[in-house]
Amino acid sequence: MSEERFEPLIVGFFCNWCSYRAADLAGTARIKYAPNVRIIRVMCSGRVDPTFVLKALARGADGVMIAGCHPGECHYLEQNYKTMRRYSMLRHMLGVMGLEPERVRLQWASAAEGVQLAAAIDEMVEQVRKLGPLNWPGIWSEDGGRLEAIERLAEEHAEAMEVKA
Amino acid sequence: MSERVGVYICHCGSNIAGKVDVAGLAQWAGQSLEGVVVARDYKFMCSSLGQELIQEDIRKEGLTRVVVGACSPHLHEKTFRKACAFAGLNPYLCQMASLREQVSWVTENRAAADAKARALIAAAVGRVQLQEPLEPSEVPVNPNTLVVGGGIAGIQAALELADAGHRVFLVEREPSIGGHMAQFDKTFPTLDCSACILTPKMSDVGQHDNITLLSYAEVEEVTGFVGSFSVRVRKKARYLKEDACTGCGICIEKCPWKVRDDVFEAGLGNRKVIYRPFPQAIPKYPVIDRENCAFFKKGTCKACEKFCPTNAIDFEQQDTYLDLDVGNIVLATGFDPFDAKRIPQYGYGRYPNVFTSLEFERMCNAAGPTEGKVLLRDGKTEPKSIAVVHCVGSRDQNHHPYCSAICCMAALKFGHLVMEKTSAEVTSCYIDIRTPAKGYEEFYDRLLEEGMKFIRGKVGEVSDAARLPGEEGKLIVQVEDTLLGKQRRIPVDMVVLMTALEPRFDAREVGLRFGISCSIDGWFTERHPKLDPVATMTDGIFIAGACQGPKDIPASVAQGAAAAARVLGMITKGTVLIEPVVATINAERCSGCRICNNLCPFNAIDYLAEDGVSKVNQALCKGCGTCVAACPAQAITGAHFSNAQIFAELEGLLYDAVGSDPAPAAV
Numbered sequence: 169m170s171e172e173r174f175e176p177l178i179v180g181f182f183c184n185w186c187s188y189r190a191a192d193l194a195g196t197a198r199i200k201y202a203p204n205v206r207i208i209r210v211m212c213s214g215r216v217d218p219t220f221v222l223k224a225l226a227r228g229a230d231g232v233m234i235a236g237c238h239p240g241e242c243h244y245l246e247q248n249y250k251t252m253r254r255y256s257m258l259r260h261m262l263g264v265m266g267l268e269p270e271r272v273r274l275q276w277a278s279a280a281e282g283v284q285l286a287a288a289i290d291e292m293v294e295q296v297r298k299l300g301p302l303n304w305p306g307i308w309s310e311d312g313g314r315l316e317a318i319e320r321l322a323e324e325h326a327e328a329m330e331v332k333a
Numbered sequence: 279m280s281e282r283v284g285v286y287i288c289h290c291g292s293n294i295a296g297k298v299d300v301a302g303l304a305q306w307a308g309q310s311l312e313g314v315v316v317a318r319d320y321k322f323m324c325s326s327l328g329q330e331l332i333q334e335d336i337r338k339e340g341l342t343r344v345v346v347g348a349c350s351p352h353l354h355e356k357t358f359r360k361a362c363a364f365a366g367l368n369p370y371l372c373q374m375a376s377l378r379e380q381v382s383w384v385t386e387n388r389a390a391a392d393a394k395a396r397a398l399i400a401a402a403v404g405r406v407q408l409q410e411p412l413e414p415s416e417v418p419v420n421p422n423t424l425v426v427g428g429g430i431a432g433i434q435a436a437l438e439l440a441d442a443g444h445r446v447f448l449v450e451r452e453p454s455i456g457g458h459m460a461q462f463d464k465t466f467p468t469l470d471c472s473a474c475i476l477t478p479k480m481s482d483v484g485q486h487d488n489i490t491l492l493s494y495a496e497v498e499e500v501t502g503f504v505g506s507f508s509v510r511v512r513k514k515a516r517y518l519k520e521d522a523c524t525g526c527g528i529c530i531e532k533c534p535w536k537v538r539d540d541v542f543e544a545g546l547g548n549r550k551v552i553y554r555p556f557p558q559a560i561p562k563y564p565v566i567d568r569e570n571c572a573f574f575k576k577g578t579c580k581a582c583e584k585f586c587p588t589n590a591i592d593f594e595q596q597d598t599y600l601d602l603d604v605g606n607i608v609l610a611t612g613f614d615p616f617d618a619k620r621i622p623q624y625g626y627g628r629y630p631n632v633f634t635s636l637e638f639e640r641m642c643n644a645a646g647p648t649e650g651k652v653l654l655r656d657g658k659t660e661p662k663s664i665a666v667v668h669c670v671g672s673r674d675q676n677h678h679p680y681c682s683a684i685c686c687m688a689a690l691k692f693g694h695l696v697m698e699k700t701s702a703e704v705t706s707c708y709i710d711i712r713t714p715a716k717g718y719e720e721f722y723d724r725l726l727e728e729g730m731k732f733i734r735g736k737v738g739e740v741s742d743a744a745r746l747p748g749e750e751g752k753l754i755v756q757v758e759d760t761l762l763g764k765q766r767r768i769p770v771d772m773v774v775l776m777t778a779l780e781p782r783f784d785a786r787e788v789g790l791r792f793g794i795s796c797s798i799d800g801w802f803t804e805r806h807p808k809l810d811p812v813a814t815m816t817d818g819i820f821i822a823g824a825c826q827g828p829k830d831i832p833a834s835v836a837q838g839a840a841a842a843a844r845v846l847g848m849i850t851k852g853t854v855l856i857e858p859v860v861a862t863i864n865a866e867r868c869s870g871c872r873i874c875n876n877l878c879p880f881n882a883i884d885y886l887a888e889d890g891v892s893k894v895n896q897a898l899c900k901g902c903g904t905c906v907a908a909c910p911a912q913a914i915t916g917a918h919f920s921n922a923q924i925f926a927e928l929e930g931l932l933y934d935a936v937g938s939d940p941a942p943a944a945v
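Chains G and W, in that order, are what the protein sequence lines are. Going by our numbering, the first sequence wraps up at 333, each residue one higher than the last. Going by our numbering, the second sequence wraps up at 945, each residue one higher than the last.
Bound-form chain G, shown alone:
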């Protein structure tokens, strides 16, 4: 690595109705923000399985942003509350694993909050930049292919769950 500034890679899971539209609005309003967040559209933040977050980190992301409608404004009535519950458990778990809490962020963004969303992205990118690279895949491949071992475990689990016809 040279003296280059570290550019963190952040995966965003954005709900289709409010937060993805906030990102659209940030675009239409030509608000410039850090290019480090790459967004996956899901129908609802409630779709975000905590394993998505782990998978993203395991695949090389330095942080994950989950974005949804504000509490009380969920397109699916109340599913963002379920996101909220999962998020606090996930954060706790990530803490146990030794991960800095700033690497995973839950962001509410209404479809009108393009400016606020862009600011939140900039803020998160700065925070993660300060934390430095996470480099889970790197750590694991140096460490005797632990990543592969974990992934194999998941596959074995899935196979075990398979019901023979």
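It is worth saying that the hints were derived from the structure and are not from the lab. Glycine is no exception: its CB is placed at the ideal position from the N, C-alpha and C atoms. Hints are supplied without guarantee of correctness; some may be wrong.
As the list claims (entries may be wrong) - What follows is a set of in silico ranges between Cβ atoms, one per label pair, in the way DEER data are often shown: (1) G:T196 - W:A389: 40 to 48 Å; (2) G:E324 - W:A887: 26 to 34 Å; (3) G:E324 - W:I798: 43 to 51 Å; (4) G:H238 - W:E857: 22 to 30 Å; (5) G:H238 - W:K658: 49 to 57 Å; (6) W:E339 - G:T196: 30 to 38 Å; (7) G:T196 - W:G738: 41 to 49 Å; (8) G:H238 - W:A522: 50 to 58 Å; (9) G:T196 - W:L327: 23 to 31 Å.
To be verified - Sample of chain G residues lacking proximity to chain W, with all beta carbon distances greater than 10 Å (derived): (10) I199; (11) M265; (12) G266; (13) E270; (14) Q295; (15) K298.
Please arrange chain W on chain G, whose structure you already have, making use of the hints.
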């Protein structure tokens, strides 16, 4: 993987091409991404020429998947899906990457823009190959409609539908339809007599061949989905056989028991224990108030039964249940008035001559307890001065932050009625006078000319503690006149509190029963606050009138008619398409743990007790995917957003991440 993917990068004029190296991106996609057989860039992909380009490749190159890197899918996903369908490719096999809203328009640095654009295209290419063809399902629409609530909004909706030739079931909780409008004397700003314009509509409902009126009834259970709901209605026992009753009213006349009428007369008057809320009630059948009936309490009396000429009284009657099949539901459940006792400093309940606006409406009504005379609580004395206190419970951070929308106009109306009926002086204490609809400001001007007094300030207190000469025996309204900048004490004989409109006490419960949501304030939430004001997030359920938020009669009528028009549209079309982005449970994997059951706010997941597994009702499922994420056995799949699809997208997004190379290079 054997899919043949076509990648199309749009320049969007210079909107994308000005920042992203579009040609380089297409070339990179063609060379480095697995499965890509064609990769092109074009000036405007959404133009008909751009679409034809895709269609030609589908036909000639045998593309099985299409990726369009252009604007947000919210703008043109439909366009490209249609283009694919036109060329014979299932529309759900087309994926968009938002290169404009998420890259070129928001990124300063060109190199960073190129890298992000590549990630988004790689993600789309990875995901699209796992996408599956989906078909929306088409279900028939039952032409019958349920309207819940027989106030003016529900009446309007029911009549519009019935006049168009369709069956309507109108369910009303109270013994008669009419709602709040039936309680009023005059309506602002035209001062039409409320009963004169409402009762003809009420009798139209009562006599309409296409309307089945179920008054004194409640909806107990709703199952099913748009096009075919099953509804269970409980018809409360009236203790009277409707088919025998002629509505002559002798039973009411002969009933020796009177109780205070807290509903229709707002506590200002009495009614008999067997009663009709008001003389023009529709339907005409009386109801026995079981709580207060001497026969039910003590086992004697039966005066009504003795005098009934048609033997219609039936003390043995039980609640009955009706099962209805309907295609659509209109909720017009209205509002409750704010309980003025919750603001003790205004003295309601402590000082007899403090009245609520609803009490005052009844007092002004010629058919009301005072026969239209404005009198103090003693029922004899005419007041010489009246203060009208605005915003009681609304625009108040302690209670409701919203404006109740109708009270300013109602207060002006009261001012006019008082001055017409008495020689009393009327003072309005207001925060702002809000008269935004047709003819309303003119009405305000009229009241200014008629001599109603206006003090701009929120009332702090109403008390009977006389301090100054002229205050003895009066109610003193303490208010800061914000225009003069000083405190004022206004001695009056009568105070009228303009109470806020509140959501019905059971609005949340009702919302849950019908699968629709309430705003933070408790009003039912519309699908879109501006562009879809009567539909809800649950297909086939519409809302009209004050259950959606405070509104006056014209707005309620407009919404009732609008909801009916939406329902008519569904009936005319005859079928409804159901979005295929839904969850499915693999019964072989499901352990029957039922974790998913309670996660669904649309009640779309049923537990099949005999099979020991849960099942998604796809017509009710909205496709949020919350259950998919929660299933511990991974038995639930979310169509179009499966784990595999999202993981493939993730792999693509992180194509350049450190150590993400699927075949790690030897260190």
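How the hints compare with the structure:
{"no.": "1", "hint": "G:T196 - W:A389: 40 to 48 Å", "result": "violated (24 Å)"}
{"no.": "2", "hint": "G:E324 - W:A887: 26 to 34 Å", "result": "holds (33 Å)"}
{"no.": "3", "hint": "G:E324 - W:I798: 43 to 51 Å", "result": "holds (47 Å)"}
{"no.": "4", "hint": "G:H238 - W:E857: 22 to 30 Å", "result": "holds (24 Å)"}
{"no.": "5", "hint": "G:H238 - W:K658: 49 to 57 Å", "result": "holds (55 Å)"}
{"no.": "6", "hint": "W:E339 - G:T196: 30 to 38 Å", "result": "holds (34 Å)"}
{"no.": "7", "hint": "G:T196 - W:G738: 41 to 49 Å", "result": "holds (47 Å)"}
{"no.": "8", "hint": "G:H238 - W:A522: 50 to 58 Å", "result": "holds (56 Å)"}
{"no.": "9", "hint": "G:T196 - W:L327: 23 to 31 Å", "result": "holds (25 Å)"}
{"no.": "10", "hint": "I199", "result": "violated (6 Å)"}
{"no.": "11", "hint": "M265", "result": "holds (18 Å)"}
{"no.": "12", "hint": "G266", "result": "holds (18 Å)"}
{"no.": "13", "hint": "E270", "result": "holds (19 Å)"}
{"no.": "14", "hint": "Q295", "result": "holds (19 Å)"}
{"no.": "15", "hint": "K298", "result": "holds (18 Å)"}
Hint check: violations occur at hints 1, 10; the rest are consistent with the structure.
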